[in-house]
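Residue numbers (our numbering), protein chains in the order written: chain S, 1 to 87; chain C, 88 to 369; chain G, 370 to 747.
Honestly, the hints are just simulated from the structure, not real lab data.
Among the hints, erroneous ones may be present.
[Stated by the list, open to error] Listing some non-contacts, in silico: residues in chain S with all C-beta distances to chain C over 12 Å:
#1 K19
#2 S23
#3 G25
#4 E52
#5 D54
#6 R55
#7 V60
#8 R63
[What the hints assert, rightly or not] Some but not every residue of chain G turned toward chain C, in silico, with C-beta under 7 Å:
#9 F395
#10 T441
#11 E459
#12 K488
#13 G591
#14 H597
Yeah, the Cβ is synthetic: ideal placement off N, Cα and C, and Gly gets one too.
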Amino acid sequence: MTETNQVDESRSKSKPQSKYDYSKGPLPLKINLEWCKACGLCIALCPKQVFETDRNAKPVQARPENCTQCTICWVHCPDFAITSNYK
Amino acid sequence: MATVVKQKSDVMLNYLRPKMKFPSVWCPGCGNGIVMGAFIRALDKLGYDRNNVAVISGIGCTSRMPAYMDFSSLHTTHGRALPYATGVKFARPDMKVAVITGDGDALAIGGNHFIHACRRNIDITAILINNYIYGMTGGQGSPTTPSGAFSTTTPYGNVEKHFDACNLAIGAGATFVGRATVYHYPQLEKMIIQAMEHKGFSLVEVVSNCHTYFGRLNRKGDASVMLKEFKENAVNITKAKTMTPEELENKYVIGTLYVNNDKTEFCDEYHKLMDIAQKRKK
Amino acid sequence: MAKNKRKLLQGNGACVEGAIYAGLRFFAGYPITPSTEIAENSARFLPQVGGRFIQMEDELGSMAAIIGASVTGMKSMTATSGPGYSLMQENIGYAYMTEIPCVVVNVQRGGPSTGLPTKISQSDTMQARWGPHGDYNAIAVAPSTVADTFTETIRAFNLAERFRTPVTILLDEVIAHMRAIVPIPEEGEYEIINRVKPTKPPEEYIPYEITENYVSPMPGYGEGYRYHITGLTHNTYGFSTNEPEEIVVKLDKLKNKIDKFQDEIIKLRVDNMDDAEVAFVSYGSVSRAALQAVSLARSVGVKVGTIQLYTIWPFPYDKLKEICSRCKKVIVAELNMGQIIHEVRKALSADVEVLPLQRYDGEILTPTQLLEKLEEVL
Chain S
1 MTETNQVDES RSKSKPQSKY DYSKGPLPLK INLEWCKACG LCIALCPKQV
51 FETDRNAKPV QARPENCTQC TICWVHCPDF AITSNYK
Chain C
88 MATVVKQKSD VMLNYLRPKM KFPSVWCPGC GNGIVMGAFI RALDKLGYDR
138 NNVAVISGIG CTSRMPAYMD FSSLHTTHGR ALPYATGVKF ARPDMKVAVI
188 TGDGDALAIG GNHFIHACRR NIDITAILIN NYIYGMTGGQ GSPTTPSGAF
238 STTTPYGNVE KHFDACNLAI GAGATFVGRA TVYHYPQLEK MIIQAMEHKG
288 FSLVEVVSNC HTYFGRLNRK GDASVMLKEF KENAVNITKA KTMTPEELEN
338 KYVIGTLYVN NDKTEFCDEY HKLMDIAQKR KK
Chain G
370 MAKNKRKLLQ GNGACVEGAI YAGLRFFAGY PITPSTEIAE NSARFLPQVG
420 GRFIQMEDEL GSMAAIIGAS VTGMKSMTAT SGPGYSLMQE NIGYAYMTEI
470 PCVVVNVQRG GPSTGLPTKI SQSDTMQARW GPHGDYNAIA VAPSTVADTF
520 TETIRAFNLA ERFRTPVTIL LDEVIAHMRA IVPIPEEGEY EIINRVKPTK
570 PPEEYIPYEI TENYVSPMPG YGEGYRYHIT GLTHNTYGFS TNEPEEIVVK
620 LDKLKNKIDK FQDEIIKLRV DNMDDAEVAF VSYGSVSRAA LQAVSLARSV
670 GVKVGTIQLY TIWPFPYDKL KEICSRCKKV IVAELNMGQI IHEVRKALSA
720 DVEVLPLQRY DGEILTPTQL LEKLEEVL
C-alpha cells in the first residue's frame, strides 16, 4: 500500500482540471466512515490522486479539485462507502 | 431492453436490506462487494420489478451476497444453488432468477449441477465469482486454483490442473458465456445486463481477489495490487484470438466469449409440451 | 384428470394420483428402483393438469429443485429409494431448517448401500426420523395398501402444508409395485390443506414469526413479500444469528410446532384390542399380514389384536401405552433388524413384554409367520 501514498507529480500536472468547481459547493464525494473498511482501493485506483489516507488508513479528499467524478472510486468501493455529492 | 438510465451514485442504497448489518461481513477490499455493486446497478438499469427477482446462492464468501440485497433471496446448501434455482425458475418462469456462486461452490461440489444447468439451457444467470480459492473455510485449494499455487491444502504447491469455467460452460451447452474482472467495472456491469437479458443459461465468470488467502499464500499483495494485476494480465477476447497459447498463459481472457441465441430454452420448450400433453388427456 | 370412480392402479401410480388430487404441481426426481414409476407417472400426468415435471441429474438436485419450487408457492414432491434417500438428507435438513413444505416418497428396499433394488425392506424407518444432522422433529407416514397410498399421500401433503415441513412417505417395495382397485374421490370430497398466507402487509411481515401454533405464514414469490431464506440458524427475520437466545427460539420452534400438535398428526388403526392380551404392532405391508393373522387367531379364540402405525413419526408413545395397557405381550413385526421396536419399548411400561419378529431377507412377513410367532409367545 505504500506505493499509493506518494503523489504522482506527472499525473497531477495533466490538464484540464476537473470541470466541476468545488470551491462554492460541497466536496466532490461523501465518504461514510462507518462503512469504510480502509481497504485502500479508492486511493489506489483514483486516476487523479484525489485521496490521501487519514491515520486510520481511510480516505481523505486531499485534492478535491482534481476530482472529475469519473465514478471509479465509488463503483469499486466494496462497501458502498463512497457516494458523489454531484452525481 | 436495457435503457440508459441516469443512475445516481447512491442508487445501491435503495437496494440494500435495512435490517442487515453493514458494513458487510467480507474482508476489506474483497471483490465480492464490487460484484454486488455491479449486480445492483445492473438490475436498477434493467428496471425489473424487484418482487420478480430471485437471487439464489450456495455456500461460501460469495454466497453471502443475497442476504444483503432486497430481492427474494435463497441461501441454500453447498454446491446446490443451481438446482434450487432450477426449481424456482421452472415453477415460475416469469421470474428473473440469478445465481451467485463461487469457484468451489459451482465447480467442485456443484460441478454436476453446473454442467446440467448449462445443458438444459434454462433461463438463469449464474454469476460465478472466481477467487481461485476456498475463502470462507480459510484458504483451501479449489478447482480453479492454478497449478503450482499455494493454499492450505496445497502447501507444497498445487499438483492438480485447473478448470476453465467458461470453457466448461460452453462445452456443456450454456448459451451466453462471458468473463469480466472486478477491476474492469464498466465491462462487468454491462455483462451482467446482457446476461440477465439473455434468454437461456448465462454464465458470467468474474475474476476476483481473495487477498486474505490466495493473495497472502501466493504473495500476490493486497487488494489494490491484485486488482492492478488483473488489469495488467487481462486480454480482451478479440485480441486473445490472435495470440498463441503460450502468450495467453497466466492471462485472463475477458469479454463476451460465446453467445448463441438460436438454442431453445428449457421452460419455453416444456410449455409447448404441456399443450401437447393436455390435448392427449383422456 | 379422468372422473372415474375406481381405477386399477399400481401403488406408485396411486401415490401420484393422490398427490395430484392434493394439489401437486411440481415433481423433480431421479430414476431409482422401485420408485421410478412415480417419476414416470408424474412425467405423464403432471403436464396434463398444468403441472411440471423435471428429471434432475441426481437426487440431491431433485430435492433442491422441489424446495425451490415450493418456495415460490407450488406443492412439490420427489420420490426415491434407500440410496437416493441417503443422498437427499442434506437438502431435507435444509427444508427442516427453513420450514419449507414438501413431500418425499421413500419406496424402501433392502440396504445398506445398493442392497436389494427389487426386494422389500422397512429399514429406513429410523433414517426418516434422524437422517439429516441437527435437532428438528420429523413427520413420516406409512401406507399399507394401494388404496391407502392414495389417501396417505393426500394426508402427507396436508401435513406438509399445515406444519411447513418436509413429510416422508415410507412406502415399501411390495406395495409400490402391486396393483389394486383404488376408489377415486370427487373433487372436494377429501379436505385439502394449503399453507397459511400472511395477512400483514410486506413491511410488517416477519418470515419466521412465532405464532400460536409455531407455524409462520408463508407467502409465495411475486406476492410482494421479499425475504431471506437461509440454512444458517436464523432469527425470526430470517437472518443468520449467533446469539444463544435467538438460536434456542428457532430450534424450539422446530420442535414445538410438531411436538405440541401431535394429535393432528398421529394416526393408528386399531383392531381387536379391547380385550387383547397380545398385540401386534406393525406398519406398511406387514400390517396386512397382521390383520389376517389376527382374524385367524381370533377365530380359534386367541385374544390378540393388532395396531397399525399410519404415522411413524412423531411416534405415538402415549397412544400406544394406552392401547396396550391391558396387554401382557406385544410383538413388533418389522422387515428390518429392529427399528420401531426400540420406540415401542420406550412407550410401554416395563411389565409389558416386547418381543421382536423381524424378517430381513427381502421377503414379506406372511400371516403364517406371524401366527407361528404368536404361538411361540403364548
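Here is how each hint holds up against the structure:
no.: 1; hint: K19; verdict: holds (17 Å)
no.: 2; hint: S23; verdict: holds (21 Å)
no.: 3; hint: G25; verdict: holds (15 Å)
no.: 4; hint: E52; verdict: holds (15 Å)
no.: 5; hint: D54; verdict: holds (15 Å)
no.: 6; hint: R55; verdict: holds (16 Å)
no.: 7; hint: V60; verdict: holds (17 Å)
no.: 8; hint: R63; verdict: holds (18 Å)
no.: 9; hint: F395; verdict: holds (5 Å)
no.: 10; hint: T441; verdict: holds (5 Å)
no.: 11; hint: E459; verdict: holds (6 Å)
no.: 12; hint: K488; verdict: violated (29 Å)
no.: 13; hint: G591; verdict: holds (6 Å)
no.: 14; hint: H597; verdict: holds (5 Å)
Checked against the numbered hints given earlier, the structure breaks only hint 12 and satisfies all the rest.
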